[in-house]
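Peer 1: One letter stands for each residue in the lines below.
There are 2 protein chains.
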Amino acid sequence: MLDEFARIRLWTGERQRSALLRQQGVVLGIGDDAAVVEMPPDAAGGAAQWLLAVDTMVETVHFNDATMGEADVGWKALAANVSDIAAMGGVPRHALVSVSVPKKWEPARIGRLYDGLYACADQYGVAIVGGDTTSSPAHLVVAVTVTGTVEAGAAISRAGAAPGDAVFVTGPVGMSGAGLHWLLAAAMRGAGHPVPLAAAEADGTAVLVAAHRRPVPSVRAARMLAARGTLTSLNDVSDGLASEAWEIAEASGVSIVLRESQLPYSGSMTAYAHRSGADPLEWMLYGGEDYVLLGTIRQEDADAAKAALAAEGLPMYIIGEAAAGDAGVALIRDRQAGGGAGRREAIAKRGYNHFNG
Amino acid sequence: MLDEFARIRLWTGERQRSALLRQQGVVLGIGDDAAVVEMPPDAAGGAAQWLLAVDTMVETVHFNDATMGEADVGWKALAANVSDIAAMGGVPRHALVSVSVPKKWEPARIGRLYDGLYACADQYGVAIVGGDTTSSPAHLVVAVTVTGTVEAGAAISRAGAAPGDAVFVTGPVGMSGAGLHWLLAAAMRGAGHPVPLAAAEADGTAVLVAAHRRPVPSVRAARMLAARGTLTSLNDVSDGLASEAWEIAEASGVSIVLRESQLPYSGSMTAYAHRSGADPLEWMLYGGEDYVLLGTIRQEDADAAKAALAAEGLPMYIIGEAAAGDAGVALIRDRQAGGGAGRREAIAKRGYNHFNG
Numbered sequence: 001m002l003d004e005f006a007r008i009r010l011w012t013g014e015r016q017r018s019a020l021l022r023q024q025g026v027v028l029g030i031g032d033d034a035a036v037v038e039m040p041p042d043a044a045g046g047a048a049q050w051l052l053a054v055d056t057m058v059e060t061v062h063f064n065d066a067t068m069g070e071a072d073v074g075w076k077a078l079a080a081n082v083s084d085i086a087a088m089g090g091v092p093r094h095a096l097v098s099v100s101v102p103k104k105w106e107p108a109r110i111g112r113l114y115d116g117l118y119a120c121a122d123q124y125g126v127a128i129v130g131g132d133t134t135s136s137p138a139h140l141v142v143a144v145t146v147t148g149t150v151e152a153g154a155a156i157s158r159a160g161a162a163p164g165d166a167v168f169v170t171g172p173v174g175m176s177g178a179g180l181h182w183l184l185a186a187a188m189r190g191a192g193h194p195v196p197l198a199a200a201e202a203d204g205t206a207v208l209v210a211a212h213r214r215p216v217p218s219v220r221a222a223r224m225l226a227a228r229g230t231l232t233s234l235n236d237v238s239d240g241l242a243s244e245a246w247e248i249a250e251a252s253g254v255s256i257v258l259r260e261s262q263l264p265y266s267g268s269m270t271a272y273a274h275r276s277g278a279d280p281l282e283w284m285l286y287g288g289e290d291y292v293l294l295g296t297i298r299q300e301d302a303d304a305a306k307a308a309l310a311a312e313g314l315p316m317y318i319i320g321e322a323a324a325g326d327a328g329v330a331l332i333r334d335r336q337a338g339g340g341a342g343r344r345e346a347i348a349k350r351g352y353n354h355f356n357g
Numbered sequence: 001m002l003d004e005f006a007r008i009r010l011w012t013g014e015r016q017r018s019a020l021l022r023q024q025g026v027v028l029g030i031g032d033d034a035a036v037v038e039m040p041p042d043a044a045g046g047a048a049q050w051l052l053a054v055d056t057m058v059e060t061v062h063f064n065d066a067t068m069g070e071a072d073v074g075w076k077a078l079a080a081n082v083s084d085i086a087a088m089g090g091v092p093r094h095a096l097v098s099v100s101v102p103k104k105w106e107p108a109r110i111g112r113l114y115d116g117l118y119a120c121a122d123q124y125g126v127a128i129v130g131g132d133t134t135s136s137p138a139h140l141v142v143a144v145t146v147t148g149t150v151e152a153g154a155a156i157s158r159a160g161a162a163p164g165d166a167v168f169v170t171g172p173v174g175m176s177g178a179g180l181h182w183l184l185a186a187a188m189r190g191a192g193h194p195v196p197l198a199a200a201e202a203d204g205t206a207v208l209v210a211a212h213r214r215p216v217p218s219v220r221a222a223r224m225l226a227a228r229g230t231l232t233s234l235n236d237v238s239d240g241l242a243s244e245a246w247e248i249a250e251a252s253g254v255s256i257v258l259r260e261s262q263l264p265y266s267g268s269m270t271a272y273a274h275r276s277g278a279d280p281l282e283w284m285l286y287g288g289e290d291y292v293l294l295g296t297i298r299q300e301d302a303d304a305a306k307a308a309l310a311a312e313g314l315p316m317y318i319i320g321e322a323a324a325g326d327a328g329v330a331l332i333r334d335r336q337a338g339g340g341a342g343r344r345e346a347i348a349k350r351g352y353n354h355f356n357g
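Just so you know, the sequences run in chain order A and B. Under full-length UniProt numbering, the residue at position 132 of the first sequence is numbered 132, and the numbers go up by one with no gaps. Under full-length UniProt numbering, the residue at position 167 of the second sequence is numbered 167, and the numbers go up by one with no gaps.
Pulled out of the complex, with its shape left as it was, chain A reads as follows (with noise of 0.2 Å):
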């Protein structure tokens, strides 16, 4: 399809620096059946492994024109490829693009996502290989592959956690869910499509919707923590904290358990949560799409660890540890005082059920 091709050429043709493209191994770019990549240069070449994942935001499923402006939507669907990579120690290198555009979307519109998207593939360095773009007959698709390489058997997968490890997350859990809230209840005033950032500014929620729209994944952290040798499991928090430790429980075959007085709560996320009435624990287990990562270290090194992150101005929580027993995740109730205070409650399985419910 001519049209195609020339709108390709469009938004992806040279955007970006031909430094970026040579230093992740690319050999040719977009333009033909298909990319050439090889090992990148600082991957410890032909040593090193490769990584593969994908993951796809559908209109009125994953978010709506409320929710998210087109750029937002382009910077997510990257985003949390790269989370992926991350959440494997990897680092991430080329990425693939499917959009599937409305019909009556505006060239403008289009333009907007890939300016997102670019934007997040400069922020990780992400070389942008390929790209199908295509009609949809009604709603927004956008599915992106991300590449990336990690030391040859140094992978972390979610299955390596043991007892007596640490239970650990690399930043705030539930904003995403929070501002998702947020933007929900906006959108009903008809604050509009999207709902400007400045509204949210006015609301004291900036912050949240941010976290929604812009997730920023852990990949530095990630790397650090990775060369230490001391992690365990590694698993990105795309479905919620619960969703994802039962993973890494699951996989590992441990019990996981967190303790409520040291899980991160976000301020904003906590005042917004008293003002609408809400749990921001719901949101902390249950909302999903923080993009921050949730795993286990050995316990000797759990402080250092802490302190190698902090050094460099990134964030890391010690939530929990592990367990020996049954599969399973549980929470200590130790958070308030009151009735009830240090009790122990099971945590349901249940993920993040995407947008709708």
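Some hints could be false.
Said to hold, decoys possible - Cβ pair distances, simulated, as ranges:
(1) Asp279/B - Ala108/A: 49 to 59 Å
(2) Arg223/B - Ala278/A: 55 to 65 Å
(3) Glu14/B - Ala348/A: 22 to 32 Å
(4) Arg22/A - Ala271/B: 51 to 61 Å
(5) Gly267/A - Pro102/B: 34 to 44 Å
(6) Asp279/B - Ala198/A: 52 to 62 Å
(7) Pro102/B - Pro41/A: 42 to 52 Å
By construction, these hints were calculated from the structure, which means they are not laboratory data. Just so it is clear, CB atoms sit at the ideal spot from N, CA and C, and this is done for glycine as well.
Go by the hints and put chain B onto chain A.
Peer 2: Frame of chain A; chain B shown alone:
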């Protein structure tokens, strides 16, 4: 989303032989944040390069529920990508699959889609290492990304054709377009959803329908030709002979001159065109989705290459030659005697405008 994980496990869990996965360098397959792969042992080790391509099929844009069954969609979505790897002279290795499934679909339909996908994967030895199954508000969208390998520096782009080179295709073209033509007419007659193959068999068009629904990419032919060292450009016929020839002409800076008398007219296509009052040349030039290869090869090796492929039962048709001059495509009308026979016509650059025109 737990439902998603359960579904993916059901449709993709341990469906491929471990020997295939090992042969393709799969260290960790579907089930974690990302797959881990290494250069396959038979791929010239670290000296090989990787090929990456993505292709998307959208219901109502590329197919509908009359023209294609679910298994056909699965097959063709992967085959189109395998063809992109073939068109670079490479070997397909891995695939990652994004499927957005209409909410109204029964699970059995999704199962059939994956059946077709895995059938194609097995046919070409492709390891499926990633999947993302999401729901879609209305229409099926399938986006597939493939990896392949090629000897370092040996990828065949569109840009190497030189004046004097022979132009060839690795199979008949236009059959898929003819098959689509018949399917749309059959759907109008209410022949079923999907139109059953038996109806095509009764009508003598089964081979055309099969060409449309189950294309067979020319991986072996591409590998044999690339190994000769005389191949100068290569493209797969996804958008019709005219569009693909234009791409080579523009990328290489040559004029491509095709001879109508040398084009591979399939007997079934010609017979159906005659019956339906259609012009078979239109399907050949602009039909698309044939997924055979169009390329150029040094003139002095053309006959020997053709003989070598024939010895393996693989077709190759010399259909014209590259010439000096402005980038463009011309057709010499030398197939039929009579007025205007032998005249040279410029071939427009338009390509396949997808399903609904």
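Peer 1: Does the hinted range 52 to 62 Å hold for Asp279/B and Ala198/A at CB?
Peer 2: holds (58 Å)
Peer 1: Take a look at whether the Cβ-Cβ distance between Asp279/B and Ala108/A falls inside 49 to 59 Å.
Peer 2: Violated, since Asp279/B and Ala108/A (Cβ atoms, about 39 Å apart) do not stay within the stated range.
Peer 1: Look at the Cβ atoms of Gly267/A and Pro102/B and judge whether their distance stays inside 34 to 44 Å.
Peer 2: holds (42 Å)
Peer 1: For the hint 42 to 52 Å, verify it against the beta carbon of Pro102/B and that of Pro41/A.
Peer 2: Given range 42 to 52 Å: holds, Cβ gap about 45 Å.
Peer 1: Between Glu14/B and Ala348/A, does the beta-carbon spacing fit 22 to 32 Å?
Peer 2: holds (27 Å)
Peer 1: Does 55 to 65 Å hold as the CB distance between Arg223/B and Ala278/A, or does it fail?
Peer 2: Taking Cβ atoms as reference, Arg223/B and Ala278/A lie about 59 Å apart, which means the hint holds.
Peer 1: Regarding Arg22/A and Ala271/B, is the given constraint of 51 to 61 Å on their beta-carbon distance met?
Peer 2: holds (54 Å)
Consistency note: the structure conflicts with earlier hint 1 alone.
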